[in-house]
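Engineer: Chain residues, written in single-letter form:
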Amino acid sequence: MTKAGRTLLKTMFSLAGGALLSASAMAQTIPPPGPTVEAIKKRGELVCGVDAGIPGFAFQDSSGAWKGFDVAYCKALAAAVLGDPNKVKYVGTTAKVRFTVLQSGEIDVLIRDSTLTFGRDIDLGLTEVAINFYAGQGFMVRKSLGVKSAAELNGATMCMLTGATLELNIADYARSKGTTINSLLFEKSEEAFAAAESGRCDGYTDDTGSLAAARSTMKVPDDWMILPEVISKEPLGLHTRDGDYRWSDIVFWVDAALKTAEEFGITKENVDEKKSSTDPFVRRVLGLEGDFGKKLGLDNEAFARAIKAEGNYGQIYDAYFGPKALGLPRGINNLWNQGGLHYPLPFR
Amino acid sequence: MTEKIRRWIHTNLFSSPLMGLLTVFTIVVLAVVLPALFRWAFLDAVFVGSSRAVCGGGACWAFIADRLDQFIYGRYAPAERWRVNLAGLVLLAFTALAIWPRNPFRVLCVALLVTLCPAIVGVLMVGGVFGLAFVPTDQWGGLSLNIILTFATVAISLPLGVLLALGRRSGLPVIRWACTIFIEVLRGVPLLTVLFMAMVMLPMFLPEGITFDRLLRAIVGLSLFVSAYFAEIIRGGLQGVPRGQYEAAAAIGLGFWGAHRQVVLPQAFRLVVPGIVNTVIDLFKDTTLVSIIGLFDLLGIVGQSLKDPNWLGLGREGYAFAALVFFVCCYAMSLFSQSVERRIKSARH
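Protein sequences, first through last, are from chains A and B. Heads up, our numbering is the position in the first sequence plus 66, with the first residue counted as 1. Heads up, our numbering is the position in the second sequence plus 44, with the first residue counted as 1.
What the hints contain is simulated information worked out from the structure, not anything from laboratory work. Since the model is a prediction, treat every value here as computed from it, not as a measurement. Virtual Cβ for every residue (Gly too), placed ideally from N, Cα, C. Treat each hint with caution, since some may be false.
[As the list claims (entries may be wrong)] Below are the DSBU-like pairs computed for lysine-lysine, each with C-alpha atoms no more than 35 Å apart in a straight line: (1) A:LYS285 with B:LYS48; (2) A:LYS133 with A:LYS325; (3) A:LYS214 with B:LYS351; (4) B:LYS389 with A:LYS254; (5) A:LYS153 with A:LYS374; (6) A:LYS153 with B:LYS351; (7) B:LYS329 with A:LYS209; (8) A:LYS162 with A:LYS107; (9) B:LYS389 with A:LYS155; (10) A:LYS361 with A:LYS374; (11) B:LYS329 with A:LYS254; (12) B:LYS329 with A:LYS108; (13) A:LYS285 with A:LYS361; (14) A:LYS325 with B:LYS329; (15) A:LYS374 with A:LYS108; (16) A:LYS209 with A:LYS153; (17) A:LYS155 with B:LYS329; (18) B:LYS48 with A:LYS390; (19) B:LYS351 with A:LYS374; (20) B:LYS329 with A:LYS107; (21) A:LYS162 with B:LYS329; (22) A:LYS285 with B:LYS389; (23) A:LYS285 with A:LYS107; (24) A:LYS299 with B:LYS351; (25) A:LYS133 with B:LYS329; (26) B:LYS389 with A:LYS133; (27) A:LYS285 with A:LYS209; (28) A:LYS361 with A:LYS243; (29) A:LYS133 with A:LYS155; (30) A:LYS334 with B:LYS351; (31) A:LYS133 with A:LYS254; (32) B:LYS48 with A:LYS162; (33) A:LYS243 with A:LYS133; (34) A:LYS153 with A:LYS285; (35) A:LYS334 with A:LYS155.
[Unchecked claim] Below, a sample of chain A positions facing chain B; criterion: calculated Cβ distance under 7 Å: (36) ALA118; (37) ILE120; (38) PRO121; (39) VAL163; (40) THR166.
Okay, chain B solo, but in the shape it has when bound (with noise of 0.2 Å):
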């Protein structure tokens, strides 16, 4: 046992002299650093509080504790948050029944995630019908718009991509050419730009007094931009289907559509997962970008806070929660991603 461990120490850590000078080096700095982050993070911290005249030497956790409603739910009427979570767990129940791999129903399952679970999250969210008082979007802030936002993008921006896809290898040179350029137009510039041309620029080609809502404009836009990505993912899966099948839905007497539909994309989906997730993670950190047109996500939410004259000079804090807020996210994500890759890679075997 105590020789794998010294051997394992040996090929891992010490390998020639440069890998055992770098090991070195790494254990000084942490444990430089570490100590203090941790004197600074947990031993002096304070965790309760209602200003900042509590906090002292150490990270001030009271000013999370105190904002923690607002970082979730922004400024969502409070007797009506239990609505984002119950949609919350909506989404969460559609989305597990649509990647459990054992499910018998996993296609009617994501197809159910993307016009049904919608719907739903978009009745409790917006309200205003079966005696569920209206809440305007304007109010909606916090981790929850990112969520929501990125679940939207997503739900518009994937079947809008498949026809891109689909559009840029069209025989048809008008319908070609034109998925070709939208494609590369919103490939071509920062997803700022889009952002404020949605915001800015939109309502100037409207009549006066006659406004768009912010909210939609900001999903409109991230949806554009996204579908565009995308779709050159699925137009990769689609290369990626061997000529051969389309030749055999072809022979069986299938048309474009039904080939596609039950021969090619289901093949191409499969060789893209990888690459959706890895966009839908980019997309969920990208919402942040919305806090620069007056909406109030997570990041947007925790700058605002800081202003309050209760709370001014936290940075350090507010910007470390939602560093971990966004990493716990993420990585579940990419989690996700690699057990689909392995799954895949098996099932190929």
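Bound-form chain A, shown alone (with noise of 0.2 Å):
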């Protein structure tokens, strides 16, 4: 063995031996409540999976540095339960792996484009805290054909990748609607595009997220543009571990904080001038009124560190999707009040 593995084991053993000793004394007295959260502040940073490359939600840029729209939410949490955005461990995470390295304690919270669903909450003993962004199937036309609507889109050919559900997705639409889309099947997404570049079908389908990227990658991106209708359900979001349910809590309430933020109009810019309102939702978010952030076990500047690390919801939208970004349609990731899904529970 190595002298680097061997330093390594015996790192490894001294904390192995260190979690069996708090583990014991734990087993001995009255669990304290949210043991993630303790084992955070101890350790010092969060450990945030995250996928291990998707333009939009994860990458990294020339430096090294983890961007995107999940490592905005691990950034938020990270201010919110340590007071530092900076502090998160990020874990690449493949779509083979993702749920394991939760299950098994190596990442505190999975913020990774995944799907929440009913085998992944219960099968899997997952907790699914939040939806922070709604995919499903969407189209990418060029703008030449002159439709404004999937519902127009009769008779048209669409690339999309092999893999049933596309494809059944488009077949039932089509069949809803009284119409005919045909499909052509592609292997890899190069050849998708490539195949829609030189015009051999009228558009792309994918999920919306994967859509933006798509778009961006061809030869004349103002050439094509995304159709406002999304019509399969991938609602993704935030996942933890069952067992510690004050954790979950926090998670749930960070993003609740964000998308409140944007309702009540707090941008990163402006949390500090926003500390002299008297709209008692605002006073509450940032921790004036109400005593929210103690209750969750933090304090109460925590939601109010959250917006400031990487702006409300839909600042983080607009940085990684919006139209200097990627360009994908906010449609139905809007809040509830502008026509879209986000519906933010109360603070009170």
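The two chains are supplied separately, each in an independent frame; assemble them into the complex guided by the hints.
Structural biologist: What follows is the structure, encoded as structure tokens:
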């Protein structure tokens, strides 16, 4: 065994020993509320499971720093719990290992464009905490087609990846509208893009998050538009392990705070000015009234810090999917009062 | 002179009508492909830029230039990257000494290569002592990760392979069966399965909250797998040593270990160097599989860089670069193996 290996092994064993000791100590006394938060505070960093690489949600820039929509959520959580959005250790997870690393405790929270489903909740023993992105199958078509809605796609041919669901959804959708949409299948996304580019099909269909990335790889992205309809349900969101309800509560309410902040016009720039507001909801979110942070085992400034990390929900969305980034229309990812589905529970 | 060339062309390219046809066909294909490839790779290529906005019709090598540091060092803290370079130099120096044929202390150098060298490299890379900042292994990546994985795996699995090979030839049934089962099981499953076991199953057996370093898990998985292959290669070498050598060693009073250490193993190793290098080349390429379990080796980090909105859609350039790097490394190892083979041949005559 190498020296590097040995050093690591030693560290590992001492860590393991420490964890065993504290576990046995905990067994003798009443467990404190929220062992995950305790562990995060002791460690000094949040371990956040993100996608190993997907445009918009999680990627690394040229300097190696993690960026993206899901990454911004990690930062907001770290800011709320630890007071510093940069105290995050990102674990890039592939689709195959994502739930195992969460179950085994390697990560504290999984924010990885993962659909919340019954199976993951019940069979895998996870908690489906909150939805941060309503995805679903959408369409990208040539602007020259002159189509404004998916219902007008009668007789069109769509390029897509193989995999039963995309094709099935299209067939179901077309049948429900009494139209026909032809599909042209490809094994790799690059091939499908190239086919769409060369005019072999009128458009490309995929999950909305990937659609925005597909549009930006086109030679002239402005020749293409993403239609507003989404024809299948893929609610992407935040997962925690079952068993620590206090930690799941914190994750849930940080998500709610980011959305409430947008609802009441609190941005990362004006958090401090807003503290003079008289609106009771603003005052509660910012920790001026009601002790909401303290009741979760944090401090009252927690939500204000989370908002300061990368801004409110709308700001985070715009930074990675907005017109200046991937150019994905917000559609159902708007707040409820803007015609979308995000409906944060009230702080009261 | 021209006669010589003419004859060479005749015997090598047009020795029969079929050969002539194939030669013409190959030349036509090359004439079609090469200019287009050259045009794409050099003439129309873009070499400098900070986002894909600069890219044109040709290759966009600006992407590689922008990301080169990451491709080599992963997310290793930029201020500490000199340590990776130094570790690489140390590794290179030890390796060069160990394989230099005229080095009088070569055996000692090989011993140091698998003992002192990993210690120095490990301290440099991990840090946390002698005033070096601690760099957690999740920040390692890129080509340096491939090299470290390969080196660590060889350093662990070569001794393990020797033990397994000796065990499989042992006269004690329990040891023989244990070694045989280990070797056959690990050779009978794909490497990916072993890696997934190390990654996904191992944490399930440990109490909740206790995690094992990912890199270490990958090294353990790779080492177990490769040691089974080494064991079989070395066993082949042991069988190639004439029986008289064993008997002669026994006749001068050497025990089992003494006979193997001083008489049998040195001869066996000489026989199997090409096989070992072959496995190391395989291993070096197989280390790219760790990207599937969430470690960012060269191929993994190329794939990930392609997801940066600044550089979307540059798969061709990224994968061409990775292929070139792997080819250069593997070809160098292959050349070394060939030179060793030549030396062994001439030593026999």
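Engineer: Given the hinted pair LYS329 (chain B) and LYS107 (chain A), is their Cα-Cα distance within 35 Å?
Structural biologist: 40 Å, violated
Engineer: Are the Cα positions of LYS389 (chain B) and LYS155 (chain A) separated by 35 Å at most?
Structural biologist: 54 Å, violated
Engineer: Has the given pair, LYS329 (chain B) with LYS209 (chain A), been kept, meaning a C-alpha gap of at most 35 Å?
Structural biologist: Answer violated: LYS329 (chain B) to LYS209 (chain A) is near 45 Å, above 35 Å.
Engineer: Between LYS162 (chain A) and LYS107 (chain A), does the CA-CA distance stay at or below 35 Å?
Structural biologist: 29 Å, holds
Engineer: Hinted pair, alpha-carbon criterion (35 Å max): LYS214 (chain A), LYS351 (chain B). Please report holds or violated.
Structural biologist: Cα-Cα ~29 Å, so holds.
Engineer: Could you grab the alpha-carbon distance between LYS361 (chain A) and LYS374 (chain A) and see if it respects the 35 Å cut-off?
Structural biologist: Since the Cα atoms of LYS361 (chain A) and LYS374 (chain A) sit roughly 21 Å apart, the hinted pair holds (cutoff 35 Å).
Engineer: Run the distance test for LYS48 (chain B) versus LYS162 (chain A): straight-line Cα separation, threshold 35 Å.
Structural biologist: Cα-Cα ~61 Å, so violated.
Engineer: Given the hint that LYS389 (chain B) pairs with LYS133 (chain A), test it: the Cα-Cα distance must not exceed 35 Å.
Structural biologist: 56 Å, violated
Engineer: Holds or violated: are the alpha carbons of LYS133 (chain A) and LYS329 (chain B) at most 35 Å from each other?
Structural biologist: Holds, at roughly 30 Å.
Engineer: Do the alpha carbons of LYS155 (chain A) and LYS329 (chain B) lie within 35 Å of each other, as the hint requires?
Structural biologist: 28 Å, holds
Engineer: Return the status of the interface hint for PRO121 (chain A): holds when the least beta-carbon distance to chain B is below 7 Å, violated otherwise.
Structural biologist: 5 Å, holds
Engineer: Can you confirm whether the C-alpha distance between LYS334 (chain A) and LYS155 (chain A) stays at or below 35 Å?
Structural biologist: This hinted pair holds, its Cα atoms lying about 23 Å apart.
Figure legend: structure checked against the earlier numbered hints; hints not met, in rising order: 1, 4, 7, 9, 12, 13, 14, 16, 18, 20, 22, 23, 26, 28, 32, 33 and 34.
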